Structure formats: structure tokens, C-alpha cells
Amino acid sequence: MQIHQQQIQIREQKRGFHLITSEIVRSVPQIGSIKTGMCQVFIQHTSASLSINENADPTVRKDFEMFFNKTVPENDPDYLHDDEGSDDMPAHLKAALLGCSVMIPIRNGRLALGTWQGIYLCEHRNYGGNRNLMITAWGE
Amino acid sequence: MQIHQQQIQIREQKRGFHLITSEIVRSVPQIGSIKTGMCQVFIQHTSASLSINENADPTVRKDFEMFFNKTVPENDPDYLHDDEGSDDMPAHLKAALLGCSVMIPIRNGRLALGTWQGIYLCEHRNYGGNRNLMITAWGE
Amino acid sequence: MQIHQQQIQIREQKRGFHLITSEIVRSVPQIGSIKTGMCQVFIQHTSASLSINENADPTVRKDFEMFFNKTVPENDPDYLHDDEGSDDMPAHLKAALLGCSVMIPIRNGRLALGTWQGIYLCEHRNYGGNRNLMITAWGE
Numbered sequence: 001m002q003i004h005q006q007q008i009q010i011r012e013q014k015r016g017f018h019l020i021t022s023e024i025v026r027s028v029p030q031i032g033s034i035k036t037g038m039c040q041v042f043i044q045h046t047s048a049s050l051s052i053n054e055n056a057d058p059t060v061r062k063d064f065e066m067f068f069n070k071t072v073p074e075n076d077p078d079y080l081h082d083d084e085g086s087d088d089m090p091a092h093l094k095a096a097l098l099g100c101s102v103m104i105p106i107r108n109g110r111l112a113l114g115t116w117q118g119i120y121l122c123e124h125r126n127y128g129g130n131r132n133l134m135i136t137a138w139g140e
Numbered sequence: 001m002q003i004h005q006q007q008i009q010i011r012e013q014k015r016g017f018h019l020i021t022s023e024i025v026r027s028v029p030q031i032g033s034i035k036t037g038m039c040q041v042f043i044q045h046t047s048a049s050l051s052i053n054e055n056a057d058p059t060v061r062k063d064f065e066m067f068f069n070k071t072v073p074e075n076d077p078d079y080l081h082d083d084e085g086s087d088d089m090p091a092h093l094k095a096a097l098l099g100c101s102v103m104i105p106i107r108n109g110r111l112a113l114g115t116w117q118g119i120y121l122c123e124h125r126n127y128g129g130n131r132n133l134m135i136t137a138w139g140e
Numbered sequence: 001m002q003i004h005q006q007q008i009q010i011r012e013q014k015r016g017f018h019l020i021t022s023e024i025v026r027s028v029p030q031i032g033s034i035k036t037g038m039c040q041v042f043i044q045h046t047s048a049s050l051s052i053n054e055n056a057d058p059t060v061r062k063d064f065e066m067f068f069n070k071t072v073p074e075n076d077p078d079y080l081h082d083d084e085g086s087d088d089m090p091a092h093l094k095a096a097l098l099g100c101s102v103m104i105p106i107r108n109g110r111l112a113l114g115t116w117q118g119i120y121l122c123e124h125r126n127y128g129g130n131r132n133l134m135i136t137a138w139g140e
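Protein chains in written order, with the working numbering: chain A, 1 to 140; chain B, 1 to 140; chain C, 1 to 140.
Hints are computed from structural coordinates only; laboratory data are not their basis.
Here the structure is a predicted model, which is why all the values come from computation and not from measurement.
You may find that some hints are simply not true.
In this list, chains with the same sequence are indistinguishable; a pair is considered to hold if it fits within one copy or across any two.
Claimed, not checked - Taking lysine to any residue and the SDA-like style, the derived pairs with C-alpha atoms no more than 20 Å apart in a straight line are:
#, residue 1, residue 2
1, Lys14, Asn126
2, Lys62, Leu111
3, Lys62, Thr21
4, Lys14, Glu140
Kindly generate the complete structure, drawing on both the sequences and the hints.
Structure (C-alpha cells):
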């Protein structure tokens, strides 16, 4: 069994949901040599997250931003952790709801995503800066 | 280390939360030959999801359906993506909240689930059709 | 490739969000001998969960408890599963929103967590008892 790991940086994205499937695939060309395996993508931050969802219509990603802003409100007077701005504590909560990693099977040298699946970088801060991802792929 | 991968199809389920632990276990009999390992189940769709929760009382699964319907409302006038029916955008959001994969340790040839844990297929569409899952197990 | 698995028990925690990174690291010293790999932590319960989030300011963890209590209310008259107390069905739902496992890359013998990331045990019951975790690490 082989294993490969690559750290990459995604340059600062604006707040919202962004498709990064092609960046991931490009970063670990060794996936092409794995017949059966797995690929994990991990984000090393607590105010941005990763998810897998619809890869075609951009309005889906706009609706994600709208929904999570409604569900995790800013300026809730009950927040205790509010020193870093009104988007900070909601960003931590959104990141926990969505998760900090995605994991995708590899089959015949490709990520076995469904037709409509793409990998989202979910940026929950207004100015989140660059984001570090660790990509690990293994199999045989 | 050995690795096994199996694609299976779950025939159309009605909207709601369904226990599929036994289908998963039956589909990858090679788990029985792994002493220490991992099993990942991945759903190749964006409007259905996978989760692990209570495997005994069916009212738990009914309460899941009720809760997610309340938390992710249909017909929110703020949705932009609404061409495919009122259950479509909520299905994408529910899928992101629950996730498209579960991962379970293997110990002594069995999934090391807790006593009360079962694998749920969460069908978020009214008519979602058949669902494709990819099951990958590895270990030694 | 090597693989190691360790079952540990976390003694009863009070309801809320608790940092357990150091317990995890201590339990699987073999991580130190893995240059490139993965570590999964799995909780064998349906009313407690695992997450990764901010490891510094304790008010973040208090805000998590507040937010999830608001988002998943107790005593919703629509719950059918209410025999085991008002905190029971909400605990199942919170566990599904947060997830029963976390998975972290290993790099140069250490968990490749970001600077601000820690592993949370999320106890959703008032009296949840001890919690069993299965930790699996593999790589080369």
C-alpha cells in the first residue's frame, strides 16, 4: 500500500462557499496511480470548513451562505466569545456543523465522486486569510 | 495491509431516516478477515446523506425527520435554487449538515459500532431514486 | 504500512464541550513512529459526539453549549422519543449534527492539527456516564 501527503494553501477567498475540487485533484497527482484507495482533505483551521455538495448551479452555494447565516446568527447577545468580531463565534459554530475534513474513495485512479458532487471550501470569516489544507491519499 | 472496495445500490427509500447497517455488513464480507482496520461508507449524492445514530427505537428516526424539516424549512423565499421542487435545496442543506460519509473502525473482523449505533441512510428528497454507495475497508 | 488501534474510556464528563486532545495523543504513542498517516477517533455512543474546534479560549466551548441548546430545543412537543428524559432526543440530534468521529492527518510523528485546533468530546446528556472511544492510527 502506498501513501502520499501534500500540504497546500488556498489563497484568501471571500466569505462564502467555493468549489475547490480541481485544486485538490491537481495537488496530488499520485491519486492517478491508486487503483483502490481513499483520499482525505483536512483544513487546519477552526473558522473555515470543508463539505461536499452540488457542483453545478452557483445559486446552491449562495443558498448555503444564506442558510448558515440565518441558522447561526451574528450578534447573539448570549455569545461570550466576541472579541474578534461578530463573524468570529458564528464561524466556529458553522465550521463544527460542516466539519473540518472530507474523505473520498479512490477508484481506478480517480476520486469516486458522484456526478453532481464537488468539494467546497466554506469560508466563514469576513477576512479569513489564506487557508492551509493537508491532503492524504492511500491505497494500492 | 489489504483493501477492498464495493459499490452497492440501495433501492429507492421514502423520505426519512433508514437503518442500513445489515446491508453494509453483507456487502463487504471481507471485513471478516480484517483484525484491525477501518471501513468507510460514502454516498455519491448531494441530496441524501449518511449518519450513525440510535438503532433500536423507530421513533428516534421519525424525530430526526421532524427536526430536520423544522430546522431546514422548505419554501424559504430567500432560496435562489428552487427549480427542482421545494424539497431540493433543503435536501442539499440537510446532506451537508449530516455528511456524505461515515467511517467505522474494524476490530476482530467486525464493525466496532457501539451497542446502540446503527448506520442511517438519510433520504432528503420526496422521490430520490436509487442511491449509490461506495464501501471501502482496509486493514490487516 | 502499520496500523494501531486502542480503545480508551473517558470518565464521565459534565454536559458540555471538553478538550481531550492530550488524552488522545497519550493513548496512542505509536503515532510517534508514523511519518505519514492518519488517525481516526470514534465514539461508540449516540448521545455524545466528537468535533474539532478552537483550543484556547474556554468561552468558545461555553458558546457551543449555548448554541446547540438553542438550536436543538428540549421539550419540543413534537418529539415522539421522550421516555429517557428531556435531554435524550436532543442529545441524539446534536450527536448527528456534530458527528461520531474525527480524522486527523499524521505528519512526522505528530497529529497535523492547526495551531488553534483541539479535539472536543461533546457530552450532550446530563448524566452520560463514561464514554468509550476507539482510536485507530495507520501509515508508514
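The hints, checked one at a time:
no.: 1; hint: Lys14 - Asn126; verdict: within (7 Å within a copy, 34 Å between copies)
no.: 2; hint: Lys62 - Leu111; verdict: neither (25 Å within a copy, 34 Å between copies)
no.: 3; hint: Lys62 - Thr21; verdict: within (18 Å within a copy, 35 Å between copies)
no.: 4; hint: Lys14 - Glu140; verdict: neither (38 Å within a copy, 37 Å between copies)
Consistency note: the structure conflicts with the earlier hints numbered 2, 4.
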